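We have chain A already, so just place chain B on it with the hints.
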Amino acid sequence: MADKKKVLIIDDDPDICESLKAILDGNGFDASTALSGKDGLAAFRKGNPDIVLCDMMMEDIDSGGQVTKIMRQERPATPVFLLSTIGDATATTVGLEAFGFSGVFQKPVNFDLLLTVIGRYAKTK
Amino acid sequence: MSVSLAEIFRREKDLASYRCAVIALGGDFPFASAEMIALGEAYFERFPDRERGRNAEEVRLGYAIARVAIIEKVILAAAPGRRESYRAMLDDVSRVGPLVEALLPSAGAAGLLADYDALLRALTDLKTTIDEIPKGMVKERFIGGISNIFNILYVLRMNLRSRGRD
Numbered sequence: 426m427a428d429k430k431k432v433l434i435i436d437d438d439p440d441i442c443e444s445l446k447a448i449l450d451g452n453g454f455d456a457s458t459a460l461s462g463k464d465g466l467a468a469f470r471k472g473n474p475d476i477v478l479c480d481m482m483m484e485d486i487d488s489g490g491q492v493t494k495i496m497r498q499e500r501p502a503t504p505v506f507l508l509s510t511i512g513d514a515t516a517t518t519v520g521l522e523a524f525g526f527s528g529v530f531q532k533p534v535n536f537d538l539l540l541t542v543i544g545r546y547a548k549t550k
Numbered sequence: 173m174s175v176s177l178a179e180i181f182r183r184e185k186d187l188a189s190y191r192c193a194v195i196a197l198g199g200d201f202p203f204a205s206a207e208m209i210a211l212g213e214a215y216f217e218r219f220p221d222r223e224r225g226r227n228a229e230e231v232r233l234g235y236a237i238a239r240v241a242i243i244e245k246v247i248l249a250a251a252p253g254r255r256e257s258y259r260a261m262l263d264d265v266s267r268v269g270p271l272v273e274a275l276l277p278s279a280g281a282a283g284l285l286a287d288y289d290a291l292l293r294a295l296t297d298l299k300t301t302i303d304e305i306p307k308g309m310v311k312e313r314f315i316g317g318i319s320n321i322f323n324i325l326y327v328l329r330m331n332l333r334s335r336g337r338d
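Chains A and B, in that order, are what the protein sequence lines are.
The first sequence begins at 426 in this note's numbering and counts up by one.
The second sequence begins at 173 in this note's numbering and counts up by one.
Excised from the complex, chain A in its bound form (with noise of 0.2 Å):
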């Protein structure tokens, strides 16, 4: 279907990214999956998703904080999500409110939640 929304996953574990992209594509969504921040970053730039799901820590601990805010700065408008598998602690470690996320998703993901947020912001692009 030509009007299904692209969400393009960034995660180090190449099984999160086969079981997110089976549960995504399942319910409508046309995914795309990375398996680094560098690979991520590129493929945002080549495959101009809709909605971005990113991990946080990759190639270092940071990884995708560091690519996120580079995707904001590039296109604003594209929101990205964290999958993030640390606690608030170490978020205030690496800084997460200063990379521009547009919502946490803890993992465990509650899938019922995300595909309802993200079927929001799918709506309105």
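Watch out, some of these pointers could steer you wrong.
As the list claims (entries may be wrong) - 30 Å max Cα-Cα, derived DSSO-like pairs, lysine-lysine: (1) B:Lys307 - A:Lys463; (2) B:Lys307 - A:Lys446; (3) B:Lys307 - B:Lys245; (4) B:Lys245 - A:Lys446; (5) A:Lys494 - A:Lys471; (6) A:Lys431 - A:Lys548; (7) A:Lys430 - A:Lys471; (8) B:Lys185 - B:Lys245; (9) B:Lys185 - A:Lys494; (10) A:Lys494 - A:Lys548; (11) B:Lys307 - B:Lys185; (12) A:Lys494 - A:Lys430; (13) A:Lys446 - A:Lys494; (14) A:Lys429 - A:Lys471; (15) A:Lys446 - B:Lys299.
As the list claims (entries may be wrong) - Simulated DEER-style distance windows between Cβ atoms: (16) B:Glu207 - A:Asp450: 22 to 28 Å; (17) A:Lys471 - B:Thr300: 37 to 43 Å; (18) B:Glu179 - A:Thr549: 33 to 39 Å; (19) A:Asp537 - B:Ser278: 27 to 33 Å; (20) B:Gly308 - A:Ala523: 31 to 37 Å; (21) A:Asp464 - B:Glu207: 33 to 39 Å; (22) B:Asp186 - A:Pro501: 42 to 48 Å; (23) B:Asp186 - A:Asp464: 23 to 29 Å; (24) A:Val529 - B:Arg293: 22 to 28 Å.
Worth flagging that the hints you see were computed from the coordinates, not collected in a lab.
These figures come from a predicted structure and were not determined experimentally.
Glycine included, every Cβ here is placed at the ideal spot set by N, Cα and C.
Relative to chain A, chain B alone:
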């Protein structure tokens, strides 16, 4: 119940041999938060973490080591004759569809739904145990490990629903 996962990890040379050794226990190993922490510490002894230039393969290995143990505990909740199939599904999301198809004639939709409910309860209980681990990198590996299994169970639920049996 005498051997710990940390001992097995220290003894085995790679993920494949660790996985075989854990599977051979048939889920009969202690797995409270203390054992999870011990396993995590054994892993970080061999693969110390760092903030910059992390080795992606080593990080993924950490998730996989946690996942092997979690899967072995979780599948105990399913009907014994179907545990092998659930082990394969929870290890690889692409196996969900074909294995559900293969199980349906013998298990029936009700049987698979009962399995799904039992697996989810067991996984949720394990997540509660993981929550007891202090914040830090050991916990990060276990959260990363268990997350994918929750994801795959969600795919299983989607699969059952798509067949109009949920």
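Query raised in the report: Which earlier hints can't be squared with this structure?
Result: 9, 16, 18, 20
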